[in-house]
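Trainee: Starting from the known structure of chain H, fit chain B onto it as the hints suggest.
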Amino acid sequence: MTQSEQLHTVPAVFLKTATAFSERTAMRQKRLGVWHDITWKEYESQSRFISRALVARGFKKGDTVAILGDNCPEWVLIDLATQRIGGISAGIYATNSAEQVKYVVTHSDARFLFVENEEQLDKWLQIQDQTPKIEAVFFWDKKGLRDFNHPKILSLDKLWEEGRSQSDLDAAITKMEQSVSPDDIAILVYTSGTTGDPKGAMLTHRNVTWIAQTICDMDPKLGISENEEVMSFLPLCHIFERLFSVFIHITKGYTVNFIENLDTIADNMREISPTVGYAVPRIWEKYYSTIYIKMSEATFFKKWLYKMALDWSSAVAEKKIYGKEVTGLQNLKYAISKRLVFDKLRERLGMERMRIAYSGAAPISPKILTFFHAIGLNLVEGYGQTEGSGVASGARSESFKPGTVGLPIPGSEVKLATDGEILVKSPAVFKGYYKNEEATRETIQDGWLLSGDIGEIDEDGFLKIIDRKKDIIITAGGKNIAPQYIENKLKFSPYINDAIVIGDQRKFISAIIVLDEENTIKYAQDNKIPFSTYADLTVSKEIQTLISNEVNKVNKELARVESVREFRILPKKLYEEDGEVTPTMKVKRKFVNEAYKNLIEEMYA
Amino acid sequence: MNSTLESVLTVKNIETYYGLIYALRGVSMEVRKGAITTILGNNGAGKTTILNTIIGLLDDQPDKGEIYLMGEAIHRMETERIVRMGLGYVPEGREVFDELTVFENLQMGAFIRRDSKEIHLDIEKMYASFPVLKERSKQLAGTLSGGEQQMLAIARALMNRPKVLMLDEPSLGLSPLLVTEIFSIIKKIRDDDGISILLVEQNANKALEIADFGYVLENGRFVSSGTSEELRSNEDVREFYLGIKEDASAKGFQRYKRKKRWR
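Each protein sequence line maps, in turn, to chains H and B. At position 316 of the first sequence the residue is numbered 316 (my numbering), and the sequence of numbers has no breaks. At position 89 of the second sequence the residue is numbered 1089 (my numbering), and the sequence of numbers has no breaks.
For the record, the hints were derived by calculation from the structure and aren't laboratory data. No experiment lies behind these values; they were computed from the predicted model shown. Each hint should be verified, as a subset may be incorrect.
Computed list of lysine-lysine pairs in DSS-like fashion (alpha-carbon distance at most 30 Å, straight line) [stated by the list, open to error]:
hint: 1; chain 1: H; residue 1: K522; chain 2: B; residue 2: K1064
hint: 2; chain 1: B; residue 1: K1064; chain 2: H; residue 2: K307
hint: 3; chain 1: B; residue 1: K1064; chain 2: H; residue 2: K286
hint: 4; chain 1: H; residue 1: K590; chain 2: H; residue 2: K286
hint: 5; chain 1: B; residue 1: K1064; chain 2: H; residue 2: K102
hint: 6; chain 1: B; residue 1: K1138; chain 2: H; residue 2: K294
hint: 7; chain 1: H; residue 1: K302; chain 2: B; residue 2: K1064
hint: 8; chain 1: H; residue 1: K303; chain 2: B; residue 2: K1064
hint: 9; chain 1: H; residue 1: K556; chain 2: H; residue 2: K324
hint: 10; chain 1: H; residue 1: K573; chain 2: B; residue 2: K1138
hint: 11; chain 1: B; residue 1: K1138; chain 2: H; residue 2: K142
hint: 12; chain 1: B; residue 1: K1033; chain 2: H; residue 2: K528
hint: 13; chain 1: B; residue 1: K1033; chain 2: H; residue 2: K541
hint: 14; chain 1: H; residue 1: K286; chain 2: H; residue 2: K102
hint: 15; chain 1: B; residue 1: K1064; chain 2: H; residue 2: K528
hint: 16; chain 1: B; residue 1: K1138; chain 2: B; residue 2: K1187
Chain H on its own, in the form it takes in the complex (with noise of 0.2 Å):
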């Protein structure tokens, strides 16, 4: 389907899809150790139950539904619910406090809010007395309150069975989603707000159906189609998670998989097997020190197999992504290495059918991106914002250059503002920001979308990411750094989880650094360093030595006036909870520039 032909609204989407594939499955969850599953079918009539009894309930066209929860199909279902008759859908992190919840729900203007079990539900009732325009609350999880009364609460179950025998309303919902137009609003994608209170990003109908369009077409040769098993574990309120979740899924009719929890990740990838894999630069960077220590602790025989196949393979990868000729005694050594090592390791990591996977909502070391092709599996880095739905240029199979966010996606204008800023224009760019006109004024220019990323351009028009603009760091000598490049070579190391780079009018650079939890503590085992917790890791020496190590490394890669003199190891982790770091495990760097402020005076002392 070409473009034109396209259909630009979700419920138009949503409706020829799950009419074509009826009895094939939609969603698949873990239960209780077993895999359920809910076809397109019933993907349609349980929405259309829910759309029902929020009709009957007075809901219209352009009024808003709070959702809170973490990933699960009755999460997508009350998604799909609300966008289908023209309302807007807001996601709530499950991770946010009771305060960033009544900040979503009033600014959002929600009639409705759905939240998944006690625990978010305690939430809004801390908060009830400050948002009155919340007319019900509807819960999934039943568990611990099923003997709970409350006028404004009731369960899902009561609100499907409420809808099921209403089917007298069908023909007004079936008028309401003819009468949802491109432009109107969607979802609200609330910003995580690095600063100030978060921002609710508009996307249209227009905006999410043409990117999950275009990301399906950009790449031919992959042909993302109904075969595909995906497996949603990102928020499902960002928008990278949302895309592969709800928009590109109800574009192609798909399965997507809900895991059971987070701990269980790693199961639930083995018994699914799936054939594209997206995950944020974290996920990906926790695979590789993974493999890399249980590699390290291999048998002599199996150490040696594994390096020797990398070293192939690695080669053979690298020639490859850079177009050069591949000879075919490295071609032999590469299938070898295939054969013996790699496959049995996809297949260990739930990876042996996925075709090509995404890492995206954060810059990702090149090095991880080839080592990940060395082992057969083709990670490629995505590039977008929230305000352009999501990518804005991305690699395809065909051309993919590390260290770079490939071509931007069809259909769409990436150039640079004179200072260096990426601008994009494209249907993906959004409506503006919901009641804040001044932000909205200040990131659309022209029709130009300000990303705030510094970025260049390359002779074959490849886009790379210098930094985020305000991150820059300008040294008291006037250098500029940018600390995401640094960064990024201090996580690539094992032992080290997350870096933050520090400098900005500054005599030197200097780093924070989060340790990698597992893999120090195994080397801490190995090495006999005797520690009782966590944070005696962190102040032992030979911790110190280690990572000093391993920055020295780093700092060999580096230019002079960019190697970092100093480093401290942060005495925690960093947890969402605290503010440390966004759903998506990007380091606040504000907030821990602000938090840890002794730390970093001390550094340059």
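Mentor: The following block gives chain B in isolation, referenced to the frame of chain H:
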């Protein structure tokens, strides 16, 4: 942790397998001279495994790591030798000999000693410390109440004149009144006899009341450690081990738990 006191029992990087189960995933700790050190943790965290590993009850364990009793390596040593070196153990569930009298149980406790005269003096000493045992000296241990059995188990362990005493869940199954009594006995053993103590407990409130230092064990690894005061003021210890909830649910009840962060 206070490092001015000498460590009498030092555990370094131990890893223990229970069959195929990786039960202790790198545990290091110290029991300071004359101090009461406690290990807190839920069922299955690996608390008993630590004690069993130290006392040498698990064949071929620890898989990795070292254990020192007053400076001497004791890892992978036979239990009997470890006991002779001055380590006492009061196992969970007391394990007194039901068919033997209280007196005989105490005699059994001194099985490694040959100084029968001294043994008798020690038994008298135990009777003085635990008058109820004297009253019941001819009674079969199996007929004692739970609290009395616990006292007998402690007294029996003391018969070996240990330098370090390890106790596993001494409060298990006892009435609140008896729990208080047992804990004051443990404190007294430390205060009067200068015996260093390693106490494993689920009753975190009671344990932290008498302990000087503590470790929190989860899934075979320590997640927190510090003085009793430090642990008592730790947000996670308060909520998950002491049952103190800072902001309770508006519903008045709550079944879920907040995510632990251990900072």
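Trainee: Could you check the structure against the hints above and give me the numbers of any it violates, in ascending order?
Mentor: 5, 6, 10, 11 and 14
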